[in-house]
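Okay, here's what each chain looks like letter by letter:
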Amino acid sequence: MIWIVKNLWLIPALPLVAAGIISVNKQPKRKLAASLAIGSMVLGFLLSLCAFAATLGHGGGEHGAFREVFSFPWLQFGGQWMSIGWVLDPLTAVMLMMVTFVGMLIFIFSVGYMAHDVNFMRFFCFLALFASGMLGVVIANNLLLLFISWEIVGLTSYLLIGFWYHKPSAAAAAKKAFITTRIGDLGLLIGMVWLYAETGTLNFYEGGKGCLESGALAQMLTHATIGGMAVSTAIGLLIFLGAVGKSGQLPLHVWLPDAMEGPTPVSALIHAATMVAAGVFLVARVYPLMAAGALMGEHGVPVTTSLTIVTWIGALTAIFAASIAVAQNDIKRILAYSTVSQLGYMMMGLGVGGVAVGMFHLITHAFFKALLFLGSASVIHGCHEEQDIRKMGGIRKYMPITFAVYAVGMLALAGFPLFFSGFWSKDEILHAAHGWSVSQVPFYLGCAGALFTAFYMTRQVALVFFGSYRGHPEESSHGHFAHSHSSSHSHDPHESPAVMTVPLVILAGFAILLGVIGTPAWPWFETYLNGHHVEFDLGKLTASGTLTLMVSSSLIVFTGLGLGVWLYGKRQRKTAGEQDVLEAFQPAIFKVLQNKYYIDELYEVTVIRFNAFAAWLCDFADKWIFGGAVLVVSYLTLGFAWLYRLTDEYFVNLGFDAGCDSIRGGGGFLSKLHAGRVQTYLRIIGVALVMLILFLIWGRKA
Amino acid sequence: MTPLQICLLVSALLFAIGFAGAVTRRHAILALVGIELMLNAANLNFIVFWRFGAHPEALTGVMFVIFSIAIAAAEAAVGLALVIAIYRHYKTSNLDEVKDLKG
Numbered sequence: 032m033i034w035i036v037k038n039l040w041l042i043p044a045l046p047l048v049a050a051g052i053i054s055v056n057k058q059p060k061r062k063l064a065a066s067l068a069i070g071s072m073v074l075g076f077l078l079s080l081c082a083f084a085a086t087l088g089h090g091g092g093e094h095g096a097f098r099e100v101f102s103f104p105w106l107q108f109g110g111q112w113m114s115i116g117w118v119l120d121p122l123t124a125v126m127l128m129m130v131t132f133v134g135m136l137i138f139i140f141s142v143g144y145m146a147h148d149v150n151f152m153r154f155f156c157f158l159a160l161f162a163s164g165m166l167g168v169v170i171a172n173n174l175l176l177l178f179i180s181w182e183i184v185g186l187t188s189y190l191l192i193g194f195w196y197h198k199p200s201a202a203a204a205a206k207k208a209f210i211t212t213r214i215g216d217l218g219l220l221i222g223m224v225w226l227y228a229e230t231g232t233l234n235f236y237e238g239g240k241g242c243l244e245s246g247a248l249a250q251m252l253t254h255a256t257i258g259g260m261a262v263s264t265a266i267g268l269l270i271f272l273g274a275v276g277k278s279g280q281l282p283l284h285v286w287l288p289d290a291m292e293g294p295t296p297v298s299a300l301i302h303a304a305t306m307v308a309a310g311v312f313l314v315a316r317v318y319p320l321m322a323a324g325a326l327m328g329e330h331g332v333p334v335t336t337s338l339t340i341v342t343w344i345g346a347l348t349a350i351f352a353a354s355i356a357v358a359q360n361d362i363k364r365i366l367a368y369s370t371v372s373q374l375g376y377m378m379m380g381l382g383v384g385g386v387a388v389g390m391f392h393l394i395t396h397a398f399f400k401a402l403l404f405l406g407s408a409s410v411i412h413g414c415h416e417e418q419d420i421r422k423m424g425g426i427r428k429y430m431p432i433t434f435a436v437y438a439v440g441m442l443a444l445a446g447f448p449l450f451f452s453g454f455w456s457k458d459e460i461l462h463a464a465h466g467w468s469v470s471q472v473p474f475y476l477g478c479a480g481a482l483f484t485a486f487y488m489t490r491q492v493a494l495v496f497f498g499s500y501r502g503h504p505e506e507s508s509h510g511h512f513a514h515s516h517s518s519s520h521s522h523d524p525h526e527s528p529a530v531m532t533v534p535l536v537i538l539a540g541f542a543i544l545l546g547v548i549g550t551p552a553w554p555w556f557e558t559y560l561n562g563h564h565v566e567f568d569l570g571k572l573t574a575s576g577t578l579t580l581m582v583s584s585s586l587i588v589f590t591g592l593g594l595g596v597w598l599y600g601k602r603q604r605k606t607a608g609e610q611d612v613l614e615a616f617q618p619a620i621f622k623v624l625q626n627k628y629y630i631d632e633l634y635e636v637t638v639i640r641f642n643a644f645a646a647w648l649c650d651f652a653d654k655w656i657f658g659g660a661v662l663v664v665s666y667l668t669l670g671f672a673w674l675y676r677l678t679d680e681y682f683v684n685l686g687f688d689a690g691c692d693s694i695r696g697g698g699g700f701l702s703k704l705h706a707g708r709v710q711t712y713l714r715i716i717g718v719a720l721v722m723l724i725l726f727l728i729w730g731r732k733a
Numbered sequence: 019m020t021p022l023q024i025c026l027l028v029s030a031l032l033f034a035i036g037f038a039g040a041v042t043r044r045h046a047i048l049a050l051v052g053i054e055l056m057l058n059a060a061n062l063n064f065i066v067f068w069r070f071g072a073h074p075e076a077l078t079g080v081m082f083v084i085f086s087i088a089i090a091a092a093e094a095a096v097g098l099a100l101v102i103a104i105y106r107h108y109k110t111s112n113l114d115e116v117k118d119l120k121g
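In order, the protein sequence lines correspond to chains A and B.
Residue numbers 32 to 733, in the working numbering, belong to the letters of the first sequence in order.
Residue numbers 19 to 121, in the working numbering, belong to the letters of the second sequence in order.
Since the hints were made in silico from the structure, they are not lab data.
Note that beta-carbon positions come from the ideal geometry of N, C-alpha and C, so glycine has one too.
Do not rely on the hints blindly, as some may be mistaken.
[Unchecked claim] SDA-like, lysine to any residue: derived pairs with alpha carbons at most 20 Å apart:
id	chain 1	residue 1	chain 2	residue 2
1	B	K117	A	K654
2	B	K117	A	R708
3	A	K654	A	V636
4	A	K622	A	Y634
5	B	K117	A	S702
[Stated by the list, open to error] Using C-beta positions, here's what the derived DEER-type ranges look like:
id	chain 1	residue 1	chain 2	residue 2	range
6	B	A30	A	Y712	34 to 42 Å
7	B	A30	A	I694	45 to 53 Å
8	A	I728	B	V28	18 to 26 Å
9	B	A60	A	Y712	16 to 24 Å
10	A	Y712	B	Y105	17 to 25 Å
11	A	L677	B	N112	50 to 58 Å
12	A	L685	B	A91	55 to 63 Å
13	B	L27	A	I694	40 to 48 Å
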């Protein structure tokens, strides 16, 4: 076994230790905290590179991709040992590199972004813990270890989204994120327990005995459950429910846009490198379970009930979130809905094209979405914590570097042809969707989503970076020209420091270059994940189906871009309060989109009201039924106690009291005799003597 | 009336006088005098019962009374010393005011 497999645990352990050390230190040691967190990520990245190198060059054999596992018994219950462990395969290696690298850049960026925050140490402690949880998810060869890390991710997302907990909206958003993902986690937990009950193991791969290997899968396929569904399908769907919660798919997407209340680097981390990627990664990890018993489709892509559901949910989420993003005004919220939409694409890719298709988009998306979020953080930082794009504009002049990298990210996300990574990964998904044997609808939904994506990104960039700055209208109406001039100068947006721009430039580089590893001509990524040999073949690029699709998707992107430029680039809004172009055109639809299809309101009147009713019912039952029973019992006890007291006081105590009183009376009488006067004593003695004599005299007679 | 009865009457009278003095006198020394009278009444009884008893030839009664007188002398010395100590302590020899015997 290669040393890196044995020591793979170091990668999540390093940030965990860093978080521990930071947490026990006192507040002012900012440099220590930042360097510990970043250092742990750098070391993790180096180890990930080693792991990646170990997985290279193993493709092409009859065993498929490189896969080494390391397990050890961890927990004993009954006669069974629960073992946990980690696995190194191309999927793990790719994710490890992505998480550590993007995480590292985000950490470095945070040093600049959070420089003025009082709770700098706490922030880095949580960041490191967050990364640690995500890395734990990635390396896990065991659903239990994965679940534990998964919950660490959930916890730290709560802590980070609510980092500025003094804002009520942030506290509410943190709670929402935690509870919403918890609904999905319940599915994952049930699926996990069921899986253990069926197969007796939670290890993914264990030399033929793991639950994702053919023996266990075949066993699960033969068992049927409700409605004739194979057990593997049911478990797969339950696990997918966990992914739906974490990755913000319909209908559990509501927490993701609200999670924007956290500091922006956190949003970048959640949206790019860690949390939401965890859901997609989970589906990719249990893909054999999802694909078990598949009828092979036309292109050798498995088609099963669970994968069909994954596809549909992904496709619907993609178009749904993209259309909402069109009508949002908060720079981060647009990106949030964009993430939800892109996650839908990933799920769709997993469903229609397998692990490689979905994961490729996950990796490219991680880079350009981290870039976009950090870019927006830079913009927000430069515009003095302003997030409303209507109040920005013309920032290109003030922040040239941010503008350049943001444009790269935007083009990558929009899928600008040939030069940007987003184009290749999205095209691969659309290509797979086109060839899907079940239905063509997801393909068209995906195309429409791509159009929306190009459009809303153009709208955002046009509003933020072009035109004139609309940030300080109240100062122009000030009167004192000289004063307002000087103060408006200091309130102009400013470029961010190098600690923030350098990570942006690096991410921008990757946002462009990463596309190379997954083009149809050189599908290295796919062959790497599947363990085949890669062949360079320019002919594939011009093969009729591929070419048509590439051209048509380019056309879609150009349409979206052109529409955005036409609507927002040409006619720049002059003031922040001006009506949106689309709003003027179609006020009703715009309002629905702006209010996110009223999903939150729908949940408000259904789920939350039901929950409130259930809570009220439970409270009522608790107070009156159970509480009443307890009250009756307590009153009964009280009655008995009262009876006992009565007996005690009036029967038992009375005798004692009487005895005590007589003793006390006697004592009092004797103490009166004992007055201290010698002569009195003498007198008593005299009386006693006389009585004695009298007694002797008369007693003798009697 | 036999001589024995007469003597017993005298000693009873003596005892009663002594007792009355010891009980009624406020002055400590006079109370002490009363006590001495009661003691001598007892001594008189010893002598009387010896003299008119069954064996007047043995000197038991006299011996007893000599012992008793010796002890009474010692007791009187202690008593007077006590009276002086009480007087020094309480600045009075009035027995009514000396009540600290009570605990």
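Status of the hints after comparison with the structure:
no.	hint	verdict
1	B:K117 - A:K654	70 Å, violated
2	B:K117 - A:R708	5 Å, holds
3	A:K654 - A:V636	25 Å, violated
4	A:K622 - A:Y634	18 Å, holds
5	B:K117 - A:S702	13 Å, holds
6	B:A30 - A:Y712: 34 to 42 Å	22 Å, violated
7	B:A30 - A:I694: 45 to 53 Å	40 Å, violated
8	A:I728 - B:V28: 18 to 26 Å	20 Å, holds
9	B:A60 - A:Y712: 16 to 24 Å	19 Å, holds
10	A:Y712 - B:Y105: 17 to 25 Å	20 Å, holds
11	A:L677 - B:N112: 50 to 58 Å	57 Å, holds
12	A:L685 - B:A91: 55 to 63 Å	60 Å, holds
13	B:L27 - A:I694: 40 to 48 Å	45 Å, holds
The earlier numbered hints that this structure contradicts are 1, 3, 6 and 7.
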